[in-house]
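Chemist: As a plain string of letters, each chain reads:
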Amino acid sequence: MIELDRVSKRIGEAVIVDEVSLGIAEGELCVLIGSSGAGKSTVLKMINRLIPLSAGSIRFAGTDVTHIPPEDLRRRMGYVIQSIGLFPHWTIARNIGTVPELLGWPAARIGARVDELLSLLKLDPASFRGKYPHQLSIGQQQRVGVARALAADPDVLLMDEPFGALDPLVREELQDEILRLHRDSHKTILFVTHDMDEALKLATRIALMDRGRLVQAGTPAELLAAPATPFVRDFVGGRDRGIKLLLVERVTQHMRAGTDREGEPIAADATLHQALSQMVSQGVDRLAVVDGEGRVIGTLHLADIVRR
Amino acid sequence: MPRNRVLFILVLVGLAAALGLAFLTAAPNRLVSGRPIAMVETLQAARWLIAVPGLVLAVAAFRTPRPAVCTVAALAAAALLVALPWLAGAQAAFLAEQASPAARTSLGGAFWTIEICAALALRDALDRLGLRAPGKLSALVVVLGALSWLALSGRLDALAITREFLTREDAFGAAARRHVLLVGAALLPTLLLGFPLGILAHRQPRLAPGIFTTLNLIQTIPAIALFGLLIAPLSGLAALFPALARLGVAGIGVTPALIALTFYSLLPLARNTAEGLASVPAAITEAASGLGMRPRQIFWRVEFPLALPVFLAGLRIATVQAVGLAAVAALIGAGGFGAIMFQGLFADALDLVLLGALPVIALGIVADAFFRLAAARFAKSPA
Chain A
1 MIELDRVSKR IGEAVIVDEV SLGIAEGELC VLIGSSGAGK STVLKMINRL IPLSAGSIRF
61 AGTDVTHIPP EDLRRRMGYV IQSIGLFPHW TIARNIGTVP ELLGWPAARI GARVDELLSL
121 LKLDPASFRG KYPHQLSIGQ QQRVGVARAL AADPDVLLMD EPFGALDPLV REELQDEILR
181 LHRDSHKTIL FVTHDMDEAL KLATRIALMD RGRLVQAGTP AELLAAPATP FVRDFVGGRD
241 RGIKLLLVER VTQHMRAGTD REGEPIAADA TLHQALSQMV SQGVDRLAVV DGEGRVIGTL
301 HLADIVRR
Chain B
1 MPRNRVLFIL VLVGLAAALG LAFLTAAPNR LVSGRPIAMV ETLQAARWLI AVPGLVLAVA
61 AFRTPRPAVC TVAALAAAAL LVALPWLAGA QAAFLAEQAS PAARTSLGGA FWTIEICAAL
121 ALRDALDRLG LRAPGKLSAL VVVLGALSWL ALSGRLDALA ITREFLTRED AFGAAARRHV
181 LLVGAALLPT LLLGFPLGIL AHRQPRLAPG IFTTLNLIQT IPAIALFGLL IAPLSGLAAL
241 FPALARLGVA GIGVTPALIA LTFYSLLPLA RNTAEGLASV PAAITEAASG LGMRPRQIFW
301 RVEFPLALPV FLAGLRIATV QAVGLAAVAA LIGAGGFGAI MFQGLFADAL DLVLLGALPV
361 IALGIVADAF FRLAAARFAK SPA
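Here the protein sequences come in this chain order: A and B.
Position 53 of the first sequence, counted from 1, bears residue number 53 in this note's numbering, the numbering being contiguous throughout.
Position 227 of the second sequence, counted from 1, bears residue number 227 in this note's numbering, the numbering being contiguous throughout.
No lab work stands behind these hints, which were simulated from the structure alone.
Think of the CB as a built atom: it goes at the ideal place given N, C-alpha and C, for glycine as much as any other residue.
Wrong hints could be hidden among the right ones.
[Said to hold, decoys possible] Computed cross-link-like contacts, SDA-like style, restricted to lysine to any residue with a CA-CA straight-line distance of at most 25 Å:
1. B:Lys136 x B:Ala83
2. A:Lys244 x A:His273
3. A:Lys187 x A:Glu116
4. A:Lys187 x A:Ser57
5. A:Lys201 x A:Ser281
6. A:Lys244 x A:Thr259
7. A:Lys131 x B:Val40
8. A:Lys201 x A:Ala221
9. A:Lys131 x B:Val310
10. A:Lys187 x A:Gly258
11. A:Lys131 x A:Gly104
12. A:Lys131 x B:Ala83
13. A:Lys201 x B:Pro305
14. A:Lys187 x A:Thr229
15. A:Lys187 x A:Ala270
16. A:Lys187 x A:Leu120
17. A:Lys201 x A:Gly27
18. A:Lys244 x B:Glu41
19. A:Lys131 x B:Gln297
20. A:Lys131 x B:Pro309
21. A:Lys244 x A:Gln175
22. A:Lys131 x B:Arg301
23. A:Lys187 x A:Ser281
24. A:Lys187 x B:Pro305
25. A:Lys131 x B:Pro305
26. A:Lys131 x B:Ile298
27. A:Lys131 x B:Pro134
28. A:Lys122 x A:Thr66
29. A:Lys201 x A:Gln135
30. A:Lys131 x B:Trp300
31. A:Lys131 x B:Leu373
32. A:Lys201 x A:Gly104
33. A:Lys131 x B:Glu286
34. A:Lys244 x B:Pro309
35. A:Lys201 x A:Leu181
36. A:Lys244 x A:Ala270
37. A:Lys187 x A:Thr204
[Claimed, not checked] Pulled a few chain A residues facing chain B out of the computed Cβ check, cut under 10 Å:
38. Glu71
39. Gly78
40. Trp90
Let's have the full structure, built from the sequences with the hints guiding it.
Modeler: Here is the structure:
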């Protein structure tokens, strides 16, 4: 869907992005991570041409982005930023309808789409449609920000540290929304963050950048299990690497057959981290694993978590 | 102790003026200075009732300014504002019955001081009531309406200022039209130049200091000097190009007045345009551009609407300033209320000066109120 080929950005003598090559396949949720100043936001903004690139090329759905008029390109890529940037003089409905309006959709279709998106992001259309951004909490505002990015059903969603300004509880809620959205729509998402836990939770693939260079790209498990350099090892987990591994592995991958019922049951798609946490808090060393309908399908022992 | 010190001081000043200054001056004719008439002299029989709103205000100053107190104070101040001219008109009519037609009864220091104190007391009460622009404007309309009714009903006809008006009613109308025309006509080039200059200063920060230094420099030139400076080049142009002269371009008159008014109005308009645009958060313009708005769409849909309240404030300052400066333009033959003022000044007829000056003040107040109302209207969707 998006291919970066030796993309560089220089400002004067400074090299902001240095020959980054990265392919993002359709349906991937690729998290671009690195400390501040690593060049990750610059990469994202070069994809939708908010920043021109100095060298290399970026292809979007097979076409070089410089061959697409920037406004047309951006209307096909949803864009969510940390500072949200809702238009304060427009109602929530008009904010969400921004891109459809630019594309010239008829009003009735825009209205229907706005209501659909508000419901999708768990905001009651009847009460939120006519409100102004300042009447919403920051978390609700960023829900609207995501809805606005999704409005014209873009091929790609670009998210630039979208949840960086939210408090932990609200951030977690919105991360879950993004996971659900990605699972249901299989939209290609490029997500920039500096928060490793966020990356491990969301990513199907992580691309780690340091000082303008792409250091390693792979699944969360790959980065944790086989860090390419000491920098990657320190960045992804350092001393907590073992614990972080539990964040990306699921109960189904480790459970054994059997129908022991000990303690509260745990969902099959929960992470090992959640399972371990449940064992510790309940003082048990095994859990019954249940599927979506609540049927017991196996057992997870403490040893299954540790032995790998 | 007074609970409302502003009102207390206004009452004290008003009282001092009522006791110490002349309420009216009566002169046998327009050229000699008159005999002062104290306010007490005019207060016969039922006219003492005019002291009631004054007393109410004095009592209100000692009360905690709760909404009920402020409402009563506002009503009393408004009553005083209207009753005072009525009293002056009635007394002047009484004096006119006994004197020759050449006699003049002019408004004195006590009248003006109390009238101004009452206006300030009204303003203070409305502020304390938390009234916004539309509420204040309706109060202004009510008071001005009552005063107009007084004037139109002939109750002020015996006052010198009204007699000056009645003898040159046509000239007054022409002056009013010219004054409004001067201000209105200067606003158009101001918008056409100042708006783009403000945008330029915002988009090219390197140019901003140059633009604003120049416009500031123009502001520091006294109006009279600028009018004077324009006479020579404009006469030269008119002489060189007869076509321009046929269009009305001349060293004196409307052309230099319009040019000077435009020059002066540029700074507030351009500065507020730039300031308004700068007040739009970067995140909002970034979002607009990231969503695929074209530069023109970003400007007209996002930046300009958000800058509008500050922009309108600039337009308000420019207009009020132009109303005042247009009065001075009468010196180079541009007409307007200034012409009446200067005529009075040169003839040493104070009432004639007032006849020119008061409408300028009224026009300024009306323009100010209009733009405040417009800004309040647009500030409803909060930025």
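Chemist: Indicate, hint by hint, whether the structure satisfies it.
Modeler: A quick look at each hint next to the structure:
1. Distance restraint check for Lys136 (chain B) and Ala83 (chain B): the Cα-Cα separation of roughly 20 Å lies within the 25 Å cut-off, and the hinted pair is therefore satisfied.
2. A threshold of 25 Å between alpha carbons decides the hint, and for Lys244 (chain A) with His273 (chain A) the separation of about 8 Å falls inside it, so the pair holds.
3. Of the pairs offered as hints, the one joining Lys187 (chain A) and Glu116 (chain A) holds, with about 17 Å between alpha carbons and a cut-off of 25 Å not exceeded.
4. Between Lys187 (chain A) and Ser57 (chain A), the direct Cα distance comes to roughly 23 Å. Compliance with the 25 Å bound is thereby established for this hinted pair.
5. Proposed proximity of Lys201 (chain A) and Ser281 (chain A) is supported: the alpha carbons are some 22 Å apart, at most 25 Å.
6. Under the criterion of a C-alpha separation no larger than 25 Å, the hint pairing Lys244 (chain A) with Thr259 (chain A) is inconsistent with the structure, at around 28 Å.
7. The suggested pairing of Lys131 (chain A) with Val40 (chain B) is violated, with an alpha-carbon distance near 60 Å, which exceeds 25 Å.
8. Between Lys201 (chain A) and Ala221 (chain A) the CA atoms are separated by roughly 11 Å; this keeps the pair inside 25 Å, and the hint holds.
9. With a C-alpha separation of about 24 Å, the suggested pairing of Lys131 (chain A) with Val310 (chain B) holds against the 25 Å cut-off.
10. For the given pair, Lys187 (chain A) sits about 37 Å from Gly258 (chain A) by alpha-carbon distance, which is inconsistent with the 25 Å threshold.
11. Using a Cα cut-off of 25 Å, the hinted pair Lys131 (chain A) and Gly104 (chain A) holds, with the two alpha carbons roughly 23 Å apart.
12. Taking the CA atoms of Lys131 (chain A) and Ala83 (chain B), the gap is about 48 Å. The hint is violated against a cut of 25 Å.
13. About 40 Å separates the Cα atoms of Lys201 (chain A) and Pro305 (chain B), which puts this hinted pair outside 25 Å; it is violated.
14. Among the hinted pairs, Lys187 (chain A) with Thr229 (chain A) is inconsistent with the structure: their alpha-carbon atoms are about 31 Å apart, more than 25 Å.
15. Distance check on the hinted pair: Lys187 (chain A) and Ala270 (chain A) sit about 23 Å apart at the alpha-carbon level, within 25 Å; holds.
16. Pair hint Lys187 (chain A) plus Leu120 (chain A) holds up; C-alpha atoms about 15 Å apart against a cutoff of 25 Å.
17. Of the supplied pair hints, the one linking Lys201 (chain A) and Gly27 (chain A) holds, its CA atoms being roughly 16 Å apart against a limit of 25 Å.
18. For the given pair, Lys244 (chain A) sits about 96 Å from Glu41 (chain B) by alpha-carbon distance, which is inconsistent with the 25 Å threshold.
19. Among the hinted pairs, Lys131 (chain A) with Gln297 (chain B) is consistent with the structure: their alpha-carbon atoms are about 23 Å apart, no more than 25 Å.
20. Straight-line distance between C-alpha atoms of Lys131 (chain A) and Pro309 (chain B) comes to about 21 Å, which keeps the hinted pair within the 25 Å bound.
21. Proximity of Lys244 (chain A) to Gln175 (chain A) is assessed by CA-CA distance (about 17 Å); at most 25 Å being required, the pair is judged to hold.
22. A C-alpha spacing of about 18 Å is found between Lys131 (chain A) and Arg301 (chain B), which places the hinted pair at or below 25 Å, so the restraint holds.
23. A distance of roughly 37 Å separates the Cα atoms of Lys187 (chain A) and Ser281 (chain A); the hinted pair therefore is violated under the 25 Å criterion.
24. Distance check on the hinted pair: Lys187 (chain A) and Pro305 (chain B) sit about 34 Å apart at the alpha-carbon level, beyond 25 Å; violated.
25. Between Lys131 (chain A) and Pro305 (chain B), the direct Cα distance comes to roughly 18 Å. Compliance with the 25 Å bound is thereby established for this hinted pair.
26. Proposed proximity of Lys131 (chain A) and Ile298 (chain B) is supported: the alpha carbons are some 22 Å apart, at most 25 Å.
27. With a C-alpha separation of about 24 Å, the suggested pairing of Lys131 (chain A) with Pro134 (chain B) holds against the 25 Å cut-off.
28. A threshold of 25 Å between alpha carbons decides the hint, and for Lys122 (chain A) with Thr66 (chain A) the separation of about 37 Å lies outside it, so the pair is violated.
29. As the CA atoms of Lys201 (chain A) and Gln135 (chain A) are separated by approximately 31 Å, the hinted pair breaks the 25 Å bound.
30. A distance of roughly 22 Å separates the Cα atoms of Lys131 (chain A) and Trp300 (chain B); the hinted pair therefore holds under the 25 Å criterion.
31. About 24 Å separates the Cα atoms of Lys131 (chain A) and Leu373 (chain B), which keeps this hinted pair within 25 Å; it holds.
32. Of the supplied pair hints, the one linking Lys201 (chain A) and Gly104 (chain A) is violated, its CA atoms being roughly 37 Å apart against a limit of 25 Å.
33. Distance hint between Lys131 (chain A) and Glu286 (chain B) is fulfilled; the C-alpha atoms sit about 22 Å from each other, no more than 25 Å.
34. For a cut-off of 25 Å, the pair hint linking Lys244 (chain A) to Pro309 (chain B) is broken: about 52 Å separates their Cα positions.
35. Among the hinted pairs, Lys201 (chain A) with Leu181 (chain A) is consistent with the structure: their alpha-carbon atoms are about 14 Å apart, no more than 25 Å.
36. Between Lys244 (chain A) and Ala270 (chain A), the direct Cα distance comes to roughly 14 Å. Compliance with the 25 Å bound is thereby established for this hinted pair.
37. This hinted pair checks out: Lys187 (chain A) and Thr204 (chain A) have alpha carbons roughly 12 Å apart, not beyond 25 Å.
38. Using the Cβ-Cβ criterion of 10 Å, the hint placing Glu71 (chain A) at the interface with chain B is satisfied: the shortest such distance is roughly 5 Å.
39. Look at Gly78 (chain A): its Cβ gets to within about 8 Å of chain B, closer than 10 Å, so that hint holds up.
40. Interface hint status for Trp90 (chain A): upheld, as the beta-carbon distance to the closest one in chain B is roughly 8 Å, under 10 Å.
Comparing the model with each numbered hint stated earlier shows that hints 6, 7, 10, 12, 13, 14, 18, 23, 24, 28, 29, 32 and 34 do not hold.
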